[in-house]
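Asks: Listed below, chain by chain, are the residues.
There are 2 protein chains.
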Amino acid sequence: MIKNDLFLKALKGETVKRPPVWMMRQAGRYLPDFMALKKKYDFFTRCQTPDLATQITMMPIDQIEPDAAILFSDILVVLQAMQIPVEMIDGVGPWIPNPIRSQADVDKAIIPNIYEHLGYVMDAVKMSQQELSNRVPLIGFAGSPWTLLCYAVQGKGSKTFDVAKAFCFSQPKAAHDLLQKITHTTIAYLKGKVKSGVNAIQIFDSWGGILSPEDYQIFSWPYIQKIIDELKDEIPVIVFGKGCWFALNEMGKSGASALGVDWTCSARNARYLSGGQVTLQGNFDPSRLLSPIPEITEAVWKMINEFGKDRYIVNLGHGILPNIPVDKAKAFVDAVKSYY
Amino acid sequence: MIKNDLFLKALKGETVKRPPVWMMRQAGRYLPDFMALKKKYDFFTRCQTPDLATQITMMPIDQIEPDAAILFSDILVVLQAMQIPVEMIDGVGPWIPNPIRSQADVDKAIIPNIYEHLGYVMDAVKMSQQELSNRVPLIGFAGSPWTLLCYAVQGKGSKTFDVAKAFCFSQPKAAHDLLQKITHTTIAYLKGKVKSGVNAIQIFDSWGGILSPEDYQIFSWPYIQKIIDELKDEIPVIVFGKGCWFALNEMGKSGASALGVDWTCSARNARYLSGGQVTLQGNFDPSRLLSPIPEITEAVWKMINEFGKDRYIVNLGHGILPNIPVDKAKAFVDAVKSYY
Chain Y
1 MIKNDLFLKA
11 LKGETVKRPP
21 VWMMRQAGRY
31 LPDFMALKKK
41 YDFFTRCQTP
51 DLATQITMMP
61 IDQIEPDAAI
71 LFSDILVVLQ
81 AMQIPVEMID
91 GVGPWIPNPI
101 RSQADVDKAI
111 IPNIYEHLGY
121 VMDAVKMSQQ
131 ELSNRVPLIG
141 FAGSPWTLLC
151 YAVQGKGSKT
161 FDVAKAFCFS
171 QPKAAHDLLQ
181 KITHTTIAYL
191 KGKVKSGVNA
201 IQIFDSWGGI
211 LSPEDYQIFS
221 WPYIQKIIDE
231 LKDEIPVIVF
241 GKGCWFALNE
251 MGKSGASALG
261 VDWTCSARNA
271 RYLSGGQVTL
281 QGNFDPSRLL
291 SPIPEITEAV
301 WKMINEFGKD
311 RYIVNLGHGI
321 LPNIPVDKAK
331 AFVDAVKSYY
Chain P
1 MIKNDLFLKA
11 LKGETVKRPP
21 VWMMRQAGRY
31 LPDFMALKKK
41 YDFFTRCQTP
51 DLATQITMMP
61 IDQIEPDAAI
71 LFSDILVVLQ
81 AMQIPVEMID
91 GVGPWIPNPI
101 RSQADVDKAI
111 IPNIYEHLGY
121 VMDAVKMSQQ
131 ELSNRVPLIG
141 FAGSPWTLLC
151 YAVQGKGSKT
161 FDVAKAFCFS
171 QPKAAHDLLQ
181 KITHTTIAYL
191 KGKVKSGVNA
201 IQIFDSWGGI
211 LSPEDYQIFS
221 WPYIQKIIDE
231 LKDEIPVIVF
241 GKGCWFALNE
251 MGKSGASALG
261 VDWTCSARNA
271 RYLSGGQVTL
281 QGNFDPSRLL
291 SPIPEITEAV
301 WKMINEFGKD
311 RYIVNLGHGI
321 LPNIPVDKAK
331 AFVDAVKSYY
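The listed protein sequences derive, respectively, from chains Y and P. Letter 325 of the first sequence, counting from 1, is numbered 325 in the working numbering, and no numbers are missing. Letter 140 of the second sequence, counting from 1, is numbered 140 in the working numbering, and no numbers are missing.
By construction, these hints were calculated from the structure, which means they are not laboratory data. One or more of the hints may lead you astray.
Identical copies go unnamed one by one, so any copy, or any two together, can satisfy a pair.
[To be verified] As a list, the in silico EDC-like pairs of lysine to aspartate or glutamate whose alpha-carbon atoms are at most 16 angstroms apart:
#1 Lys-40 x Asp-107
#2 Lys-39 x Asp-90
#3 Lys-309 x Asp-123
#4 Lys-337 x Asp-51
#5 Lys-156 x Asp-334
#6 Lys-17 x Glu-250
#7 Lys-12 x Asp-233
#8 Lys-12 x Asp-310
#9 Lys-173 x Asp-105
Make a model of the complete structure from these sequences and hints.
Replies: Here it is in structure tokens:
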């Protein structure tokens, strides 16, 4: 049994004495120990070496003490497994040397055997669970099919992902074929993670917010819904769509256990738009962690009051920024623990 | 009298036979003639030479025939006038060699004499009006104080403007002093444009959407409201806040003649959130102009049906992208003209 089960209780909608807290990218660049490992091993080596991924997963658990761990990995390992090579270039970000631009490119992508191509993730899950020894639950994650398509087609990060959108709007069949392949792979991948021992999963739709509500229902949401349908009876599923306030209504009816919201959507709007019943997660502006600590504490308490302590998981509205001092990240977590 | 006054009628909320149409950045890089001039003259030379600014302003009027012209210029000329030097570097974007980082930096910025420092804009307005000879109305514009602060402090473009936000959250007095100075300058600048002959003005809050609703009410909205208060009795004011759906309620009560919305906010949500009375402008996804022309035409008609033909100005939800073929931009405008 997991000793601190606040997070799982909130996902079930049970009454809690205070909401649980964790931070997106809590195992990330704001931690000096993470930066030390980063100097020694490149990005995908850290992802692909279970011992390193476990060490990184544990860093915030030991140093910041949130109520959940999230496995250190990257959404793009799924593309790599599909034989779409991805590199990570320092100062640039993800780089896909041969981006998908045609039906022929889509046809070349494989639906991989998960244990063969992503076995290292399964090993990292098992090793992290051993290391955690039931202190807090472990979250596994995947990118949404749309978000993975964005990278696979654009070939790198972008503000507008205009090449990816042009591909969808001018070659919709190829786009849907690719989304379908990514969806199949992701379902198998997440089922593998569940078997390996994660306690919840989160789907990151990091680029859903660049679509119109109508295009979101064509190119992103149906594939996320498919993943939820396949997973929800096995494990709690959290969906986080950055900038996707306009889809909270569909998300609220999807069977997801919780919905992530970013800081542009007030608690009141988020509760209203999502239908008021589903657990919400978020939504502190990551930049607001640059405020003085007393202001952070006060703002966290205010946020909890606005969302309500039940059916709520405290988190940031996006990943923690690399320039946040560790003591401020700790102050964020501590503010939740001192809420009464 | 202006021959085609559809745009002004829509701003007044009058009944029209079809809504007017123009496109943000319609005088931009998708036009081959613009690219030809770009090879000969650098960015700020084009802004600062009234003859060139006029030529560029006229390009879409002659080639695409929208129902309004918008003066070719840049929001950052206001910072330059305040003695905060701004360069434009090809492939990088705006570059501020000495970004504002302290109260001392803020104190050094001047509130300029508009006619002395931005006289070239006033000349470009007059020259463009001569050239237009009452074919369509001319829009003048300015960036919102918050958006200008983002560039002045960050020093360049950014996805998160984390340095600008850190400045506001850790040195709020300096931030508000800077916002105040920019607001004063912007009011004088826009009044100058009105005197020089523009027929409407638009305020671009391009980065308002990175603030939480609460911080938006602290760092952005009050300054835009001040500008509206000073201008609205002289001229129709349009406010466009990219990603600012959460502030449409305040905007709807502000005295602005129209509100711009981006493509993530449906017509129904935009009408509801803004109170249902104010003219709305938008919100075609710029990337959707990469669709085949028959799909563009159909989508434009659908959009007009959803917003309704009155109290509505057809536009994109953000600036037109450089990679849009001219015939598709023309198809967008033509679709509106063929609406019945």
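Asks: Evaluate each hint against the coordinates.
Replies: Results for each hint:
1. Lys-40 x Asp-107: neither (37 angstroms within a copy, 45 angstroms between copies)
2. Lys-39 x Asp-90: within (11 angstroms within a copy, 32 angstroms between copies)
3. Lys-309 x Asp-123: neither (35 angstroms within a copy, 59 angstroms between copies)
4. Lys-337 x Asp-51: neither (30 angstroms within a copy, 63 angstroms between copies)
5. Lys-156 x Asp-334: neither (37 angstroms within a copy, 35 angstroms between copies)
6. Lys-17 x Glu-250: neither (30 angstroms within a copy, 36 angstroms between copies)
7. Lys-12 x Asp-233: within (13 angstroms within a copy, 55 angstroms between copies)
8. Lys-12 x Asp-310: within (10 angstroms within a copy, 47 angstroms between copies)
9. Lys-173 x Asp-105: within (13 angstroms within a copy, 54 angstroms between copies)
In this structure, the hints that do not hold are numbers 1, 3, 4, 5 and 6, in rising order.
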